[in-house]
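Engineer: Listed below, chain by chain, are the residues.
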Amino acid sequence: MRPESSQTLLSVENLNVSAGSEELVHGISFDIRRGERVGLIGESGSGKSLTCLSIIGLLGGGLSAEGRIRLAGAAPAQAPLDGEPQALDLLTANENELSGIRGNRLSMVFQEPMTALNPLMKVGDQLAEVIRIHRPQASDLRAEVIQLLTSVQIPEPGPTSRVYPHQLSGGQRQRVMLAMAMANGPELLLADEPTTALDVTVQKRVLELMSQQVNNAGSSLLFVTHDLGVVSEVCDRVIIMRHGRIVESGSIDRVFTDPEDPYTRALIAASGLETHPHTGRLLTLESAPEAVQTRPQAAGAHPTGARSPAAEPPQAEHLTLSADESGTVFNRVSEPAIRVRDLTRRYGKQRLFGAGRTVTALRGVSFDVARGQRFGIVGESGCGKSTLLRLLAALDQPTSGEIEVTGASVVGRPERKLRWLRETVQLVFQDPMGSLDPRMSVTDIIAEPIHRASRQERQGRVQQLLEQVGLPRSAAGKYPHEFSGGQRQRIAIARALATKPEVLIADEAVSALDVSVRAQVLNLLDDLVEEYQLTLVFVSHDLNVVRHSCDVVAVMNAGRIVECGPADQVMESPRHPYTAELVAAIPRVREGAR
Amino acid sequence: MLLNVLRRVGVFAVTVFVASLVVFFLLGVLPGDPARAQLGLQASEEQVQALREQLGVDRPLPVRYLEWIMGFFTGDMGVSYATRSPVAPQVLDALQVTLLLVLGGIGVAILIALPLGILAAVRHQRPDGTIFSGLSQLGISIPNFLAGLLLIAIFSVALGWLPSGGWQPPIAGVDFLRHIALPALALGLVNGAILARYTRAAVLEVMREDFMRTARAKGLKPASALVRHGLRNALVPVLTVTSIEFANLIIGAVVIETVFVVPGLGSTLIRAVANRDLIMIQSIVMCVVVLVLLVNLLVDLLRPVIDPRLRMPS
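From first to last, the protein sequence lines are chains L and W. If you're matching positions, the first sequence starts at 54 in the working numbering and goes up one per residue. If you're matching positions, the second sequence starts at -8 in the working numbering and goes up one per residue.
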């Protein structure tokens, strides 16, 4: 067992965080004991990150914190020789006291490993710096750096200490951040969404490593996240926040098995992609509380329950990549909506000087998508799924291979001969803010692709589309920044449907959304796919979402499809080792919760 | 790495070559016969023709180009149409003066820009930060010849501390410094103000970076975080702007040299234009072009030294 004691390390009392006159966190209080691992869970805007930053005193400009955050006196081993260890209020401490504590007694790992390290400084130097700041007398810095890198399982720690951050992968950088945070054996490690930017398999390893490090150092952990599954892997106790207040807290087993607050219940249901026992639709914040009374179905048990059997396409064949790694045509059907054969895309070309560097993003991919089918593509970053989408939408040209959409080739055609494709195929992107022009009104955004229509027809169509995606008519005159993330994604979907497309490509369309909003948008997509008889190509890194939303799933790795078949079969009995690894890496809400 | 350097140097050489073509042929097709310009309207056609042969301007353009460009890079820039004396010594003397002036100007600009820009960024939401920003805004809006005249009015006429014009070579020591002070200041003030705005923007941007927050989370105080992690990151864009400013400074020097009666490239160029001394103009313009390209090359080579992300994997 971990050395957990009843001694309180950190005590947050009545913490308020405000931006100017607007209060964002409303008087929250909680304690963290020595050696305890606490998960702080909430959706965007819940105030979880602000709480975390208040503790370490790094709130951004314009934000101010009030209340008390008491950090207990240093542990006996580290206490100064003279006198009793003194508790310190972190909110009133001066900069000198705080900088003595940061990186030493309190340390932090941030969300974005790509930008959290100084790009101009060698990794080893950045690690050495944190040691030198707090232990100027430390003798053999170099050995200590190597040892730190070894402890976070960086292969070849020696050479790695001499490279710059951009030469490392995302997972490696987050390990370096972890090593940096653990360098001085902190009493409390703060982690703000530390694995959200990582692939699932990498996330799993980083989480294990973090648990192990915190264990060895006897540190407490405050783990901030929106992901209930991730929390289950590392924490003992959870605090659920919403709109700047704590709605529930308790031991993780209790909260996840027997949540008291309706919001917690709904959050758990939405995270697990639970469906309504009668309608088969995903539970949302609104529908969850009543539905949870009667035991809900877990995700995937009846993923297509709501749909009529007539709409069911023929069962797909479950195939894995053949031994010679080529030639397999996945999901073969007659008269497919999308037909892809031997698709290859290489980036970069042979240069005159020096060795030409080419990257092969796709290596001979072949598959079909039947009309009306919901085809999921899953894979980690760099597997080629984005390249594949760009090619399907003819936004890029393949190096070799063939793509047919509704029976016509899209390869090698000039843009003026692709007008039909622009109407037939539409895309919904991941970032609902970045993909909408901030200077165009919602009407203009949605109506832009509608040609040959009078002003009145266009407006009528916009109104109809807004209604279909569940937005009020008044939305038409507003601008994107006036909407929340979920609403913006609805606008993006309305825009995609404006041309009445036959194929809808959703590229990580719900990945940037909160779980409760995610359920709503997925339900909406479900409805629209049926209403418009769409062929859906749904790309995601999240296997659970794909399992819920798709009939057939293709798993991609290193530019190839390694396995493809009915979504449930692939998830439950993966045949390819990579799929198995992927499925095993999905963080799960603790078994006790079921 | 070495390959990268070679590639940049290659691009530099090609650019210089193309620039020399442009300079030569553009000036070559300009109307105005240098021989006629020398002898005046009264001279007979035979006299003019004789001078044309003597100057060599009767030969075809490509031949003259080759002769000129070979000479240019071997230190023989030909003979002035106006004075019949070799061009090279005059141009090189003037070049030396202008270089000193421009370097002084850059020095002044950097001395102004870095502290002002950094302070304006660090204190950007406070009154003093706004004052620093306002100062640089004011500096941008003053043309440099006006700054020169103001400086003369204050330091030469009213206070009588410094000479209002003229030039002394560096060997003259203190006298050299007294003569270069005002023109360099006039040149550097305006460009310093522009550079200060870029510095402010670069530092502000760096202060918002995640790694600056990491630096604070490690236990660095705000000032040390800025010095150890911020400034070097801000230096990359500032350096790029400085190299662009360099071309500006040379142009500015032409005006400033006239204001302060400094015998640099600017005044030599103006005299050459007045005399239709085509070969002199060509050589001066080419010198300026090579100088600007050389500075850009240096900065291009320097940037990867500062930012490892710009280094090509070898």
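Be a bit skeptical, because a hint or two may be false.
As the list claims (entries may be wrong) - A short, non-exhaustive set of chain L residues, derived as facing chain W with CB atoms under 10 Å:
{"hint": "1", "residue": "113"}
{"hint": "2", "residue": "116"}
{"hint": "3", "residue": "160"}
{"hint": "4", "residue": "171"}
{"hint": "5", "residue": "187"}
{"hint": "6", "residue": "220"}
{"hint": "7", "residue": "223"}
{"hint": "8", "residue": "224"}
{"hint": "9", "residue": "233"}
{"hint": "10", "residue": "237"}
{"hint": "11", "residue": "372"}
{"hint": "12", "residue": "464"}
{"hint": "13", "residue": "465"}
{"hint": "14", "residue": "468"}
{"hint": "15", "residue": "517"}
To be verified - Estimated spans, in silico, between C-beta atoms of each pair:
{"hint": "16", "chain 1": "W", "residue 1": "214", "chain 2": "L", "residue 2": "467", "range": "15 to 23 Å"}
{"hint": "17", "chain 1": "W", "residue 1": "292", "chain 2": "L", "residue 2": "80", "range": "40 to 48 Å"}
{"hint": "18", "chain 1": "W", "residue 1": "119", "chain 2": "L", "residue 2": "467", "range": "56 to 64 Å"}
{"hint": "19", "chain 1": "W", "residue 1": "246", "chain 2": "L", "residue 2": "399", "range": "36 to 44 Å"}
{"hint": "20", "chain 1": "W", "residue 1": "168", "chain 2": "L", "residue 2": "491", "range": "32 to 40 Å"}
Derived from the structure by calculation, the hints contain no laboratory data. Every residue gets a Cβ at the ideal spot worked out from N, C-alpha and C, and that includes glycine.
Engineer: Each hint should be assessed against the structure and marked as holding or not.
Structural biologist: Going down the list of hints, with the structure as the test:
no. : hint                        : result
1   : 113                         : holds (9 Å)
2   : 116                         : violated (13 Å)
3   : 160                         : holds (7 Å)
4   : 171                         : holds (4 Å)
5   : 187                         : holds (6 Å)
6   : 220                         : holds (8 Å)
7   : 223                         : violated (13 Å)
8   : 224                         : violated (17 Å)
9   : 233                         : holds (7 Å)
10  : 237                         : holds (9 Å)
11  : 372                         : violated (38 Å)
12  : 464                         : violated (32 Å)
13  : 465                         : violated (32 Å)
14  : 468                         : violated (33 Å)
15  : 517                         : violated (43 Å)
16  : 214(W) / 467(L): 15 to 23 Å : violated (58 Å)
17  : 292(W) / 80(L): 40 to 48 Å  : violated (58 Å)
18  : 119(W) / 467(L): 56 to 64 Å : holds (59 Å)
19  : 246(W) / 399(L): 36 to 44 Å : violated (54 Å)
20  : 168(W) / 491(L): 32 to 40 Å : violated (54 Å)
Of the hints listed earlier, those the structure fails to meet are numbers 2, 7, 8, 11, 12, 13, 14, 15, 16, 17, 19 and 20, in rising order.
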